[in-house]
Amino acid sequence: MLQRHRRDFLKLAGLAGVTFTAGLFPPGEASAQAGGDFHFVQFSDTHWGFKGAANPDSENTLAKAVATVNGLANPPDFIVFTGDLTHTTDDPKERRARMQRFREIVAGLRVKDVRFMPGEHDASLDAGEAYKEFFGATNYTFDHKGVHFIVLDNVSDPAAKLGTAQLAWLEADLKQRKPDDRIVVLTHRPLFALQPDWDWTTADGDKAIELLMPYGNVVVFYGHIHQEHHHMTGHIAHHAAKSLIFPLVVPGSQPRRAPKPYDPAQPDLGTRDVTMGSKVSLVELPVTRS
Amino acid sequence: MTRRFMMMLGVPLALAAARLAAETTPEVRIGAKKFAFHPNKVTVKLGRPVVLVLTSEDRIHGLKLPELGLRAEIVPGQETRVSLTPQKAGSFAFFCDVFCGDGHEDMDGTLVVEA
Ligand SMILES: [Cu+2]
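Residue numbers (my numbering), protein chains in the order written: chain Z, 1 to 290; chain C, 291 to 405.
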């Protein structure tokens, strides 16, 4: 076990950014599974509707990211959006207008298999009502080439709880898995206590981690913190994605969470390509100017 | 002693005890309103019991102070009373942990515990 953990944080320089190789699926175990390698792309925290000094180019950033992913030589099997599709508003009509416009822009993705989930900006003020009208259920599962994906909603409750009903649903779903099944969890907030005094946590996220612990091949992808971040809880890896609106400062680096000053080159914005093979490999895809 | 007598004796005693507690435990009032606490800096004494009296002027907010293990929901139209006896000195951040709109992320404050 220890040896496997040490391998988890092997970092390799890649062409399109940094390749992060996580030794999640030990060689031999994964290759014995049906399916084989595939890759998907993670978008996060697009915050459509945000206007402010943190990103004067906010009208164009999402479209640029769509163009970047459309330009990949090897298109992904599918695309996931890990929440905060829109920036919040108190006006229910404006919220729906933002969701509408967001959906029109991402309809430009060439890959048509796209999975959404909400962030607190989308769903916390109306318990996910508008979100469900546009994008459907806020928690669900799907399977792809032998990997089981579980989407968890830790935002429809404004106090950042998964809640007992969803935890029971997760437990029931996991009961149908074998201990060595390959499982990917997609969610908005960190499930672990990354920076509790910045509210970078899920109130009952430890309960979800506890339910996942008996499974040997689990990896979590999330957003919310607007920066790349990698963390292990036991053998479970948690990877936060960059945002597509503005980067936030490193957790704990200053007393208050805040956006980083705007940099026109937008080096801290982007999407991420995830290859699911015998290992999980991450390649960060910066937003290219176009 | 009759049951009736006990009731007569017991009720005033309980009331007096409650009045005494209210008189001796200092209260600190904190109001919540999108997107700030008023006041947003509160000073209390180390080891001395205090009651935080929390109210909201508009909607539900939260007050979370992770370092002292304190959390409460602040519902408008009522007083939320949180008793606390700070056991460590220092400056501790608190913040709203019930998402309340565009500005929620800036809704925070500081509790100073003086030795
Ligand atoms: Cu609030």
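One or more of the hints may lead you astray.
Claimed, not checked - With a straight-line cut-off of 27 Å between C-alpha atoms, the simulated DSS-like cross-links for lysine-lysine are: (1) C:Lys378 with Z:Lys93; (2) Z:Lys161 with C:Lys323; (3) C:Lys324 with Z:Lys132; (4) C:Lys324 with Z:Lys93; (5) Z:Lys279 with Z:Lys112; (6) Z:Lys161 with C:Lys324; (7) C:Lys378 with C:Lys335; (8) Z:Lys51 with C:Lys335; (9) C:Lys335 with Z:Lys260; (10) Z:Lys260 with C:Lys331; (11) C:Lys378 with Z:Lys51.
What the hints assert, rightly or not - Some residues of chain Z that are not near chain C, with every Cβ distance over 10 Å (derived): (12) His144; (13) Lys145; (14) Leu211; (15) Gly234; (16) Val250.
Worth flagging that the hints you see were computed from the coordinates, not collected in a lab.
Idealized CB from N, CA, C, for every residue including glycine.
Evaluated hints:
1. Using a Cα cut-off of 27 Å, the hinted pair Lys378 of chain C and Lys93 of chain Z is violated, with the two alpha carbons roughly 47 Å apart.
2. In summary, the hint linking Lys161 of chain Z to Lys323 of chain C is supported, as the alpha carbons are separated by about 22 Å, within the 27 Å threshold.
3. Our distance criterion of 27 Å between C-alpha atoms is met by Lys324 of chain C and Lys132 of chain Z, whose separation comes to about 26 Å.
4. This hinted pair checks out: Lys324 of chain C and Lys93 of chain Z have alpha carbons roughly 20 Å apart, not beyond 27 Å.
5. Between the alpha carbons of Lys279 of chain Z and Lys112 of chain Z the distance comes to roughly 26 Å, so the proposed pair stays at or under 27 Å and holds.
6. A C-alpha spacing of about 21 Å is found between Lys161 of chain Z and Lys324 of chain C, which places the hinted pair at or below 27 Å, so the restraint holds.
7. For the hint linking Lys378 of chain C to Lys335 of chain C, the alpha-carbon distance of about 10 Å falls within 27 Å, and the restraint holds.
8. Pair hint Lys51 of chain Z plus Lys335 of chain C does not hold up; C-alpha atoms about 43 Å apart against a cutoff of 27 Å.
9. Between Lys335 of chain C and Lys260 of chain Z, the direct Cα distance comes to roughly 36 Å. Violation of the 27 Å bound is thereby established for this hinted pair.
10. Among the hinted pairs, Lys260 of chain Z with Lys331 of chain C is consistent with the structure: their alpha-carbon atoms are about 25 Å apart, no more than 27 Å.
11. About 41 Å separates the Cα atoms of Lys378 of chain C and Lys51 of chain Z, which puts this hinted pair outside 27 Å; it is violated.
12. Look at His144 of chain Z: its CB is around 31 Å from the nearest CB on chain C, clear of 10 Å, so calling it non-interface holds up.
13. Every CB of chain C lies more than 10 Å from the CB of Lys145 of chain Z, the least distance being 36 Å, so the non-interface label holds.
14. Non-interface status of Leu211 of chain Z relative to chain C is upheld: no Cβ of that chain comes within 10 Å, the nearest being about 23 Å off.
15. Against the 10 Å criterion, Gly234 of chain Z stays outside the reach of chain C, whose nearest CB is about 22 Å from its own CB.
16. For Val250 of chain Z, the requirement that its beta carbon stay farther than 10 Å from each beta carbon of chain C is met, with the minimum near 16 Å.
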